[in-house]
Amino acid sequence: MAPPSKRRPGFSRKAQYQIFTGYLLAFFTVLAGLALVVIAAADPRGFAVLRSGANEVTAPVGHGFASLRVGVHNIGKSVSAYFFAASQNAELQEEAKKNRIALIEARALKQENKRLKRLLGLVEQDGKTVVAARLIGSTSASTRRIAILGAGSRQGVRAGQPVRASNGLIGRVLDTSLNTSRVLLITDPDNVVPVRRARDGLVAFAEGRSDGLIDIRLINIGVNPFKPGDVMLTSGSGGLYAPNIPVAIIERKTTDGAVARILADPAATDFVVVQSIYQPEIATRIEAEDAENANLDNESEAEAAKRAKAETPQ
Amino acid sequence: MIRLTNWWDQWRTARKTPRSRLDRAPSKFRLNAFPWGSVMLASMATLLPVIASAPVMPPIGFMLLLAWHMLRPGTWPVWAGLPLGLFDDLFSGQPFGSAMALYSLALLLLEVADKRFMWRDFWQDWILASLFIGGFLLGGLAIANWAADNAHAIVLLPQFILSVSLYPVIVRVVSWLDRKRLYR
Numbered sequence: 001m002a003p004p005s006k007r008r009p010g011f012s013r014k015a016q017y018q019i020f021t022g023y024l025l026a027f028f029t030v031l032a033g034l035a036l037v038v039i040a041a042a043d044p045r046g047f048a049v050l051r052s053g054a055n056e057v058t059a060p061v062g063h064g065f066a067s068l069r070v071g072v073h074n075i076g077k078s079v080s081a082y083f084f085a086a087s088q089n090a091e092l093q094e095e096a097k098k099n100r101i102a103l104i105e106a107r108a109l110k111q112e113n114k115r116l117k118r119l120l121g122l123v124e125q126d127g128k129t130v131v132a133a134r135l136i137g138s139t140s141a142s143t144r145r146i147a148i149l150g151a152g153s154r155q156g157v158r159a160g161q162p163v164r165a166s167n168g169l170i171g172r173v174l175d176t177s178l179n180t181s182r183v184l185l186i187t188d189p190d191n192v193v194p195v196r197r198a199r200d201g202l203v204a205f206a207e208g209r210s211d212g213l214i215d216i217r218l219i220n221i222g223v224n225p226f227k228p229g230d231v232m233l234t235s236g237s238g239g240l241y242a243p244n245i246p247v248a249i250i251e252r253k254t255t256d257g258a259v260a261r262i263l264a265d266p267a268a269t270d271f272v273v274v275q276s277i278y279q280p281e282i283a284t285r286i287e288a289e290d291a292e293n294a295n296l297d298n299e300s301e302a303e304a305a306k307r308a309k310a311e312t313p314q
Numbered sequence: 315m316i317r318l319t320n321w322w323d324q325w326r327t328a329r330k331t332p333r334s335r336l337d338r339a340p341s342k343f344r345l346n347a348f349p350w351g352s353v354m355l356a357s358m359a360t361l362l363p364v365i366a367s368a369p370v371m372p373p374i375g376f377m378l379l380l381a382w383h384m385l386r387p388g389t390w391p392v393w394a395g396l397p398l399g400l401f402d403d404l405f406s407g408q409p410f411g412s413a414m415a416l417y418s419l420a421l422l423l424l425e426v427a428d429k430r431f432m433w434r435d436f437w438q439d440w441i442l443a444s445l446f447i448g449g450f451l452l453g454g455l456a457i458a459n460w461a462a463d464n465a466h467a468i469v470l471l472p473q474f475i476l477s478v479s480l481y482p483v484i485v486r487v488v489s490w491l492d493r494k495r496l497y498r
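Line by line, the protein sequences are chains A and B. Be aware that the first sequence starts at 1, since it is given in our numbering, and climbs by one per residue. Be aware that the second sequence starts at 315, since it is given in our numbering, and climbs by one per residue.
Since the hints were made in silico from the structure, they are not lab data. Positions of the beta carbon are idealized from the N, C-alpha and C atoms, including for glycine. Treat each hint with caution, since some may be false.
Stated by the list, open to error - Going by beta-carbon spacing under 7 Å, a handful of chain B positions derived as facing chain A:
hint : residue
1    : Ser341
2    : Ala356
3    : Thr360
4    : Thr389
5    : Pro391
6    : Trp393
7    : Pro409
8    : Gly411
9    : Leu419
10   : Leu423
11   : Val426
12   : Ala458
Kindly generate the complete structure, drawing on both the sequences and the hints.
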């Protein structure tokens with residue numbers, strides 16, 4: 001239908017002024033919106049109060065939906081699992097047998113690792129679990145990749161803390177309100193994670209592309225050593241993320257690095273874990289560590305620790 | 315404020331007098347609540363249980379805004395982008411102010427488009443809406459990239475195709491809402 005002419009309402013001054021003010025306000029809103037964007041770019045946490053308020057109010061909806069989401073996501077898997085149950089069972093048992101051996105070897109390696117670290121005078125500070133919570137929403141319409149977590153400052157969550165699922169890194173906390181917090185996912189273009197290749201420790205940076213994949217950028221530009229299937233872990237350098245959290249698996253090479261798929265799909269995870277910020281420290285608490293280990297480790301280890309202690313400058 | 319007292323008076327007189335069977339009209343409140351409420355509700359669609367690692371969800375709030383305008387030109391005052399955009403910004407995750415600017419700009423441009431086309435049909439509306447949706451997504455990307463660049467425009471393609479193909483459905487929903495709105 002033909003639109004009614006809104007610009008010329010007649011001879012009423014009042015109506016004319018109202019329309020004029022409307023246009024003025026609309027133009028002003030465009031400018032004000034852009035100004036707000038500039039302010040938000042300078043201070044990303046500036047409007048956190050408004051946003052977290054909205055998140056607080058709508059959190060119950062997200063909590064209600066959270067279990068449903070994982071359920072729906074798993075329907076396909078359950079159906080296919082049903083059809084391939086028998087053959088899969090045999091395969092898995094075979095695999096479990098192999099894994100058991102690998103596990104024993106890994107345990108030995110872990111112990112050795114611990115001893116070597118003590119020799120170097122390093123105390124590993126693993127990311128301690130702050131809280132386990134559900135992801136209750138995300139910015140699914142925007143190119144920014146931010147998820148809402150169902151735990152906030154009341155549960156001990158602080159801005160900057162890394163968030164991980166059982167099978168890999170999810171992101172880090174952007175800001176918190178009382179019972180919710182916003183998590184910057186690793187697929188966001190703003191999120192840069194220092195990573196290393198699991199096989200040989202080749203260092204690189206992971207940067208989000210906001211389409212479910214991440215860019216892996218080399219620090220040493222030269223021959224591109226990546227191969228599809230390489231697994232990238234957090235390197236722990238620069239703090240924040242504890243080392244050895246799985247991040248992504250390489251999908252294809254590019255000219256200056258690689259494109260990788262994330263390992264922990266935020267949509268498929270039920271619970272995620274918020275960890276404390278990782279800060280590598282030169283050991284000053286090595287004595288405490290010694291006392292702890294003295295009664296359970298063997299003689300040579302205790303000696304090594306003593307040597308480490310003697311070498312550490314106080 | 316004057317508007318509000320008018321509604322109040324209307325409601326009070328309506329309470330006092332028994333409802334007449336002739337010359338009925340839906341209340342001003344109902345007439346306004348449907349478009350405004352539906353767009354605000356659609357802005358909250360990001361609360362749906364989709365935790366996406368890519369932008370896939372169509373901007374349903376903006377699409378409802380377009381559909382209401384296409385179906386009933388004159389539904390929105392030109393300043394409607396201020397409250398609606400502000401509300402959308404609370405949930406969208408875009409840099410704050412992005413929807414405010416884009417909604418207002420879209421409403422201003424829609425006015426211009428209305429001047430151009432006197433008569434319209436469904437296909438023309440759809441094409442126009444597709445252009446506006448594309449512009450909205452690209453504008454949102456430009457604003458988001460201003461804060462933190464890296465995302466490529468190609469990322470938006472699935473979202474754009476989904477949004478454009480969903481538009482007729484949104485129009486159906488809006489026309490259904492419009493029937494409810496004008497029911498006497």
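Hints versus structure:
The restraint placing B/Ser341 at the interface with chain A is violated, with a minimum CB-CB distance near 21 Å, outside the 7 Å limit. Checking B/Ala356 against chain A: minimum C-beta separation of about 10 Å lies over 7 Å; hint violated. About 6 Å separates the beta-carbon of B/Thr360 from the nearest beta-carbon of chain A, less than 7 Å, and the hint is met. Given the 7 Å rule on beta carbons, the hint for B/Thr389 is violated: about 11 Å separates it from the nearest Cβ of chain A.
The beta carbon of B/Pro391 is positioned within 7 Å of a beta carbon in chain A (closest approach about 5 Å), and the interface hint is therefore held. At its closest, the beta carbon of B/Trp393 sits 4 Å from a beta carbon of chain A; the interface hint therefore holds under the 7 Å criterion. With a cut of 7 Å, the hint placing B/Pro409 at the interface with chain A holds, because the nearest CB-to-CB distance is about 4 Å. Taking 7 Å as the C-beta contact cut-off toward chain A, the hint placing B/Gly411 at the interface holds, the least distance being around 3 Å.
Evaluation of the B/Leu419 hint against chain A yields a held restraint, the C-beta minimum of about 5 Å falling below 7 Å. A cut of 7 Å between beta carbons decides the hint on B/Leu423: the least distance to chain A is about 10 Å, and the hint is violated. Because the closest C-beta pair between B/Val426 and chain A is about 11 Å apart, greater than 7 Å, the hint is violated. A cut of 7 Å between beta carbons decides the hint on B/Ala458: the least distance to chain A is about 5 Å, and the hint holds.
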